Structures are given as structure tokens and as C-alpha cells.
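Protein chains in written order, with this note's numbering: chain G, 44 to 422; chain W, 6 to 527.
None of these hints come from the bench; they were simulated from the model. Note that the structure is predicted; figures quoted are calculated from it, not measured. Keep in mind that the hints are not guaranteed to be accurate.
[What the hints assert, rightly or not] List time: in silico DMTMM-like cross-link candidates among lysine to aspartate or glutamate, alpha-carbon distance up to 20 Å:
#, chain 1, residue 1, chain 2, residue 2
1, W, Lys127, W, Asp57
2, G, Lys152, W, Glu496
3, W, Lys366, G, Glu273
4, W, Lys127, G, Asp195
5, G, Lys403, W, Asp126
6, G, Lys152, W, Glu519
[Stated by the list, open to error] Sample of chain G residues facing chain W (criterion: CB under 10 Å; computed from the structure):
#, residue
7, Leu125
8, Gly128
9, Leu135
10, Ala293
11, Ile393
Backbone N, C-alpha and C define an ideal beta-carbon position, used for all residues, glycine too.
Single-letter residue listing:
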Amino acid sequence: MFDYETIRVVWWLFIGVVVIAFALTEGFDFGVSTLLPFIGKNDSERRVIINTVGATWEGNQVWLVLLGGAIFAVWPAVYATLFSGLYVAMLLVLFALFFRPAGFDYRSKVADPRWRQTWDWCLFLGGTLPPLLLGVLIGNFILGLPFHLNNDLRTIYDGEFLDLLSPFALWCGVVSVAISSYHGALFLKLRTQDIIYDRATHFITFAGPLVLGGLLLTMAWVVLAIDRPEITQMTATNAPSNPLTKTVIASGISWVKHFMHYPWMLLAPLLAIVGFSGAWLLGRGTHTALAFISNSLGMIGTLLTVGFGLFPFLLISTTAPSSSLTLWDASSSHNSLLLSFWITVIFLPIVLLYTRWVYKVMWGTVTEQEILTHSHTLY
Amino acid sequence: MFGDDIVMLSRLQFGLTALYHFLFVPLTLGMTFILGIMESVYVMTGKEVYKDMTKFWGKLFGINFAMGVTTGLTLEFQFGTNWAYYSHYVGDIFGPLLASEGWMAFFLESTFVGLFFFGWDKLSKVQHLMVTWLLAVGTSLSALWILIANGWMQYPVGAEFNFETLRMEMTSFADVFFNPVAQVKFVHTVAAGYVTGSMFVLGISSWYLLNNRDIGFARRSFSIASAFGLASVLSVIVLGDESGYTEGETQKIKLAAIEAEWETEAAPASFTLIGIPNQDTHKTDYALKIPYLLGLIATRSINEEVQGLKELRQENMRRIKSGQQAYDGLQKLRSGDRSEETRQYFLTHKADLGYGLLLKKYTENIVDADPALIDKAADDSVPKVAPLFWTFRIMVACGFTMLFIFALSFYYCATRVADQKRWLMRMAVWCIPLPWIAAETGWFVAEFGRQPWTISGVLPTHLSVSSVSANQLWFSIGGFALFYTVLLVIELYLMLKYVRMGPSSLHTGCYHLEQPLHSTIR
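Only chain G is shown next, with the shape it has when bound in the complex (with noise of 0.2 Å):
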């Protein structure tokens, strides 16, 4: 149905979803919990910010698994090079996500208050190691990787961990996690009353402007400091994968050239600037829902600038710029990405579907009362 080079332009848009999806669910999850200790002053406001979580944090995280599982398909040497050159990194994801299950389930089983408030900063840095962390990866996405494939097409890393923190990707890390917390905020007012509103609306109205300038700070960081290679020779775009058989020269052009290529794309950075603006014009006020679509809005805008700055590479590679990885060249066979395809076609809207069935079922203003009465089954 599709040749080959369609269904790889295809797959990076669907895992351009994935991604998306993640963020935007689990991407609250997260502000929530980086929030939890601050906004929650005791026992009680904090039990009731978990639970506006709680029944549905868990099928967020698989967004996640998913996103890892369908990298792994569809474009197997990028998850081989990942997870393997960013070995200490990737761990560290791991072993701060290690704190959600146990923390969201068995915080509230020991009524101990030092228990509790162990659990508490547990899903603090639950939930803010891994947008920080991921935030760290995206900034060393776009300046690239130091890694190179040997003629077995073996993933070589050339790096140490510590290099992984340069300014601009500990930069995109902040950013990272300031977006997260204002996601969890917006979330948070949509779900809560009376003190815990107040205060997740006064976070909103410091916070905006961070986030805004934050975001445009990393733009014009980009835009004056940081180049992005250039293939000069490529085989056909429905060729067998085999990255190597490409030739890349390292700092060809800079990103602003490559946006002016394809000029829709600058649309990109565009939602991504008009979304923050609004989520903070209208977060301050009483249209949380209005602000929470603006700021979802302008969460898709940064990672496709991201992905459309990127495009056709996927992981760049600085020692070695022609084993960098692209769409192209770093791919399943044609075979198995048409399988992928229709297992993701059919499942993907009865995901949605319960998803948002199970959402409408839980949803609702969650108050110290109802913590109060059903203390021993809520989390």
C-alpha cells in the first residue's frame, strides 16, 4: 500500500505522536508531582493533589514504554545507539521512574507521617528527574551525539557522561521541567478547589513568563550558536538501511537556513510561542480549560521544532557525522514497518477510546472531604 520511502516519512510522523502524547499526558503527571511538595502543605492538600493523578497516571507512564518499545521497531539502530552511548543517563531516567509505582501506591498504606513525607519527595523526584533528564537529551539531540557505527554496524560512543552537560543542554533541561510544572499546574486548577487553586494560580502567574523566556532564550541560542550538518551525498530514500552509506559534513548549515528550505515548518516555533503566550494570558484567570489547550498547544510547537530542526536526521553524530542516523537509513525493513503501521492503525483509537472513557469516569473536582471519607481506599 505504501513504498518504502512513504512509510518511513510515516513512521516519524507517528512517532512524532508518540512523543507528543507523552508529553502531554505524562507531562502533567510530572509537574504534578514536582509541584506535590510545594504546593501541598500537609497531609490532606497533598493526598488530594496525588489523587488527581492517581487512577490515571499509569496508562500516562505507558506512553513511555510505548514510545521505547516503538523507537526499538521501527528504527532499531537509534534505539541501540540511545540507550546504549547515553548508558548512565538512560539509567538514571530509569531509577528516578523506579520512585512512581511504589511511591504513588504505597504512600498513603502506613499512616506515619515520616513515611508519608518520604514517599512525598520520592515522587518529587519521580517526577522531576525524568523531564530534567529528557530535557538534558533533547539539548544534546540538537547539538549531536559523539558516536560512530564500525563495519558490523556495531554502536561505538566516543563520550563520557559528563559531557552530556553542556550550558545549553542543562539549559534545556530547566526549561524542560518549567514546562512540566506549568502543565501540572493548569492540570492541578482543572482538578482542585478553594487553597490548592489559589496557590497552583499564583505558580501560573510567576511562572508564564519563565516559561515564555525561557523558550525563546533556548530559540535564539539555536539560532546564533548552533549549526546542523548537512548530507552531501545520499543512496535513494527507499534504499535497504545501512547508515554508512551516506556521506554528512558536520556544521553545514545553520538552523535558520534550514527552516528558510522549508518555510512551512517555521509554523512550528510559531505554536510553540503563541501557545505559552495564551496558556499564560488565560491561566491566570478562570479559562483553565482554554489555557490548558493553549499550553498543550505550545508543548506540540517545541517538539516539532525540535523534529522539523532535526529533519531527515534523527541522532547526529559529531565524531562520526556520516554514521549519523536518518528517517533514511536507520530504519526497519519495509516489511516489518507496514506490520508496525497496522498494528498502531487499529489499536491506536481503541487506546484512545477507553483512554478517554475511563478519563470521563474519573473526572471531577477532588476535595479534602472526599480524601477524608475514603481514606482507606484512596491513594
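For chain G, the structure is supplied; the task is to place chain W on it using the hints.
Chain W only, in chain G's frame:
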């Protein structure tokens, strides 16, 4: 080509984290079905006690489920972090199976697990029951995809090596999905999970009955567990026998090692019940043999032979030599020689390419490897007998002990005398660990028995690892040791705390610890 320590540490880490993950998976598999059964009875009869049973056993399930989710993430990360060349080499087949698990199963169970706990007041009885069953179906579907992936590692069908991309690529999804090894493994494994859930409920209910507390609640739990457990343990044993049969077809070496079948005997081969395998003399000392049985199990016939290890090693030697030619052809193709003659040369030997790669452990120059190295590689191709021989027998012994417990429990429940059989209840309490021992030894047999391969006959384990350093591996192993130990202590603490509280933890006011003077009732 890699330091042996990198390969050893990677194997150690994967083996331990996978075994650790499988402490929680079988209980999840079993408990979700038992919860579905209990709640179905509640919806059909309207008796509140069945709702309380669903909620209480659900609490224990929840404590376990959190650990299953935590430790499952590790495995998905680990294929990439520690087995990067494996991921490149077979991602085309293995990746879609993991992604399918995400789409079809993991979303299902993770989305509905929240509703199972928090949806009681927000859903009608029937809606909630549906949620519980979807949760159960989700967990078992999850196992389906993982076992299809694992089955493919044991018996890689429906895929071919592509010399242009230097990896295996899928040729037939139907062959991968309907892989006979995978299908049998799936039923064997999920049924083992159902046994685990049943043994857990049976043992804990017995403890309540022995202590004369919450009798009605415990007795009903006991009888559901005994019935479901009996059906499940029978499936495990029958399907285990079936996988003996399929392994005879595809993984002859594993079977020969499990049975310490050093040399091919005249058909039908006898079954070594017990003995002490001796790797040096290639004999089993003090062997107690049952005539004809192995031949019947493995070949389902009386005149087919079961091949012994010596003969299989000889066969592997031939394949290693053929693999050298496959590798030679591959190098020629890659250097640009695409003549028909070279293609034919490569295609003739292609099926043995993996055997040629076994030599890479000893030399970069596979094509000209000398006979001593070929001999070493052939030695590697046969797994150590004693660990497989013993773990297999421990697994089987656990299985039959549980069959005994479930059969008697079921019989005494049916004849309504279970309450008087206190020895059986005491035995049920003590035997709670058995399903875990059986599951862990079972996985050991499956995975250790596949060595030296990650993908049988296709990709050797020592080539599959990532290019990481020993320091990085020590960092991750240290991290896992720390997190997993702390989490296990916390999990066991909570599990014991809630088991001791029993249904009183529901705070309905009708159970043992909530009664005034409950201590005098004993």
C-alpha cells in the same frame, strides 16, 4: 572480541533483573483472574462477602502490581542499554513484538488498573466487573507478546538475514506469531501464573482458617483458589510436557542437556529420573532410569531416536565450518562482489552464518580459524549439563507437589470436609513459595539452556552486548542492587502488614480485628 567480563556482567545483570521481575509477574497474572472470578460471583449472587474478597485480595494484588510495573520498565530499557548489537540485529522482528505488547496489552492493563481501585463508587456493578476482566485480559495478553518474542529467540522462524543491512529481517509475521514454541510457552507460562495466584490465595486463606479468623471469608477464598489452582496446575504440567515435545523438534541440545542424554541411545530412549551428571566423563553417575519414557515424551513415537550431546556437538562442528564459508561469502558480497556465483555460495551456507559467528569469540579472522578454535567453539555450543539437569528437576518436583495440594484441597472442598484437614492447610501455608521456585527455575532452564545464543543458531550471546565499559556495568548493577533490595524490603513489609490485617483492612466493621475482644475468640 569483548572482554569476557563485559559479557558476564551483562548476562548477570539481565539474568538477575529478569528473574527479579518474574517474582511479581506470575502473581499479577494469577491474581487478576482470581479477582475476576470473585467479582463475577459477587455480581451473580449479590453477596457482599465476594465484593470484600475482591477488594481485599485486590489490595495485595496492588502492592505486587506496583513492583511488576517498576521492574518491567528495566527490561525494556535493558535491551537497548546492554544488548545494543542484539537490538540492531533483530530489532526488525523483536521491536514490533514489544510495540504490540504496548498497544494491545500494557495500555489495557495500566489504564484499567486505576479504575479497578478507584472506580467502585463511580461505575455500575457490571461495568466494574468488565473493568476487572479487561485488566485480567490485559495482563495475559502482555504475557502473550513477550512469550512470542521469547519463543522467537528460542526458535527464530519467519525471518531472514539481509546482507545489505547486516541484520535479521521479518519475512512472515504469521510464522512469528504462530511459532509452535511460542504458543506452547505462552500457555505454560500464563498457567504457571494462575497457579502462583492460586497458591498465594490458598496459603493465606489456610492461615486464616488455622487461626480461626474470618472463617466465611477465608473458606470461600480457599475453595475458589483450590478449583482455579487445580485447573491451572494441570494445564502447566500438560503444556510443560508439550514443550518437551516441541523442544525435541527445535532445541534438541537443550533437551539433551536437561535429560543428561550424553549419547544417542537406541529408540525409544530411557528417561533419567535422577542422578549426578558428570561433565568431565560425559556420564551420569548413580543414574536412575525409566525405560522408554524420554523417547515417548520427545518424539511421540517408539522408533525415533533422541539425539545425544556428543552427536549434536558433532553436528554443530559441521555447521561451524559451513558458517565460516557463509561469513566468507558475506565479506565478498559486502566488498562489492555481487556475482551470481558469490550469491549462490553465500545462500548455500547462509543458514549456518550464526554458527560461524561463534568463532568471533576467539578470532576476528573467522574464515581462516584453525581447527583448535573450531573445536573450542563446538564445545561452547553445548550447554553445561548439571545446572539444567537440576533446575529442571526442582521445577518439576514443585509442580507435582502443588498438583497434590490442589487436588486434595479441591476434593476436600467438594466433599465439604476441608476444614477438618488442618495438616493440608498447614502444608498449603508452607508451600506458598513453591510456585515462585518453579517459575524461576523454569526460566533458568529456558534461558541458560539456550546458551551460547541470544537467538538460537543466529546470534551468539557474546556478540549481542553493547559497547559499554565494566565501570558502567558496575554502576548499573550497584544501582539495581540498591533499589531492588530496598524496594523488596518495603514490598514484603507492606504485604505482611496487609496479610496480617486481613479483610479488616477494608474497614467495613465486620471482620476479625474490628470485633471487640477479638483476641479471646481463638
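Do the hints match the structure? See the list:
no., hint, result
1, W:Lys127 with W:Asp57, "holds (17 Å)"
2, G:Lys152 with W:Glu496, "holds (11 Å)"
3, W:Lys366 with G:Glu273, "violated (38 Å)"
4, W:Lys127 with G:Asp195, "violated (57 Å)"
5, G:Lys403 with W:Asp126, "holds (14 Å)"
6, G:Lys152 with W:Glu519, "holds (18 Å)"
7, Leu125, "holds (7 Å)"
8, Gly128, "holds (8 Å)"
9, Leu135, "holds (9 Å)"
10, Ala293, "violated (22 Å)"
11, Ile393, "holds (8 Å)"
Checked against the numbered hints above, the structure breaks hints 3, 4, 10 and satisfies the rest.
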